[in-house]
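K.L.:
The primary structure of each chain is shown beneath.
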Amino acid sequence: MTIGNTMAVPLSYYLILSAFVFLTGVVGVLIRRNLIVILLSVELMLNATNINFVAFSEYFHQVAGQVFVFFALTVAAAEVAVGLAIIIALHRAQSTIYVDELNLLKR
Amino acid sequence: MDHIFFFYFAGVIAVTSLLVVALRNPVYSALALLIMFFHVAGLYVTLHAEFLAAVQIVVYAGAILVLYLFVVMLLNVKTEERYHDQLPVAGLLGVMLSTEVILLLIQSRTAAPASAVPVDTVIAPGNTELIGEVLYSTYLFPFEVASLLLLVAMIGAIILAKKDIGEGAQ
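Top line first, the protein sequences correspond to chains A and B.
Counting in our numbering, the final residue of the first sequence is number 726, and the numbers go up one at a time with none missing.
Counting in our numbering, the final residue of the second sequence is number 175, and the numbers go up one at a time with none missing.
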């Protein structure tokens, strides 16, 4: 592995891609009603940041960026486990997972 | 050659991330996300992060997405017939944020610094060895904290998802 060579693809291309994926995730969180798809959109955002981390790690020749992706992965795994458990508990209690039908505090 | 690979992976990632948000059936959304994870792993390979590519496939595609599909099929979620009512506001916000990002990138294009940072290690062993060395020396404490985080998440998930826990004790 030669880590010292220059990137053939400019860094800004990776930034544009990651910004696009991140914004897609933001809009997905806002426009979807299904809680599971909202969590999937959060995964999109996490992956966008991971692409950024790895691209910068290659650009600055620092392996620390790739280590941070590991921590992001850990947080993603924890988030999925707890989030899906909350969704199951919510579905058991309210028998819906659509966010606009969850108005327990408004009643 | 690098550009061909990048544009292939980037194009598929962009299209599938749009599909995750746009598709009404949550199972299709999860499968689109699966394709996206595989292409992100391919992008990692082009960025010389081979170990992360393997981890991406094993953890994201193998563990996290299977969990999503289990829950989608367990709850028997129907296809959404419509989006959330705040769709116009959210679309406006998305357009505003993307213009902001585009403006930032156009401004920074003129003043992009050259990559002049020294290489992390003089002799570069394999990607996996390099990551392991840094992870277990510089980032040892965050690594331990991450293990604690996983333990807490595991206990929390069991307690949240288990039916009627603690009722028998009262």
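Among these hints, one or two may not hold up.
Unchecked claim - One side of the interface only, derived from the structure: several residues of chain B facing chain A at Cβ under 10 Å: (1) D7; (2) H8; (3) S22; (4) L23; (5) V25; (6) A37; (7) I40; (8) Y49; (9) L79; (10) L140; (11) V150; (12) I163; (13) A166.
Just so you know, the hints here were simulated from the structure itself, not pulled from any lab data.
These figures come from a predicted structure and were not determined experimentally.
A virtual CB, placed ideally from N, CA and C, is assigned to each residue, including glycine.
K.L.:
Each of the hints needs a verdict: does it hold here or not?
P.N.:
A quick look at each hint next to the structure:
no.: 1; hint: D7; verdict: 4 Å, holds
no.: 2; hint: H8; verdict: 6 Å, holds
no.: 3; hint: S22; verdict: 5 Å, holds
no.: 4; hint: L23; verdict: 6 Å, holds
no.: 5; hint: V25; verdict: 6 Å, holds
no.: 6; hint: A37; verdict: 9 Å, holds
no.: 7; hint: I40; verdict: 12 Å, violated
no.: 8; hint: Y49; verdict: 6 Å, holds
no.: 9; hint: L79; verdict: 7 Å, holds
no.: 10; hint: L140; verdict: 5 Å, holds
no.: 11; hint: V150; verdict: 9 Å, holds
no.: 12; hint: I163; verdict: 8 Å, holds
no.: 13; hint: A166; verdict: 4 Å, holds
Going through the hint list in order, the structure does not satisfy hint 7, though it satisfies all others.
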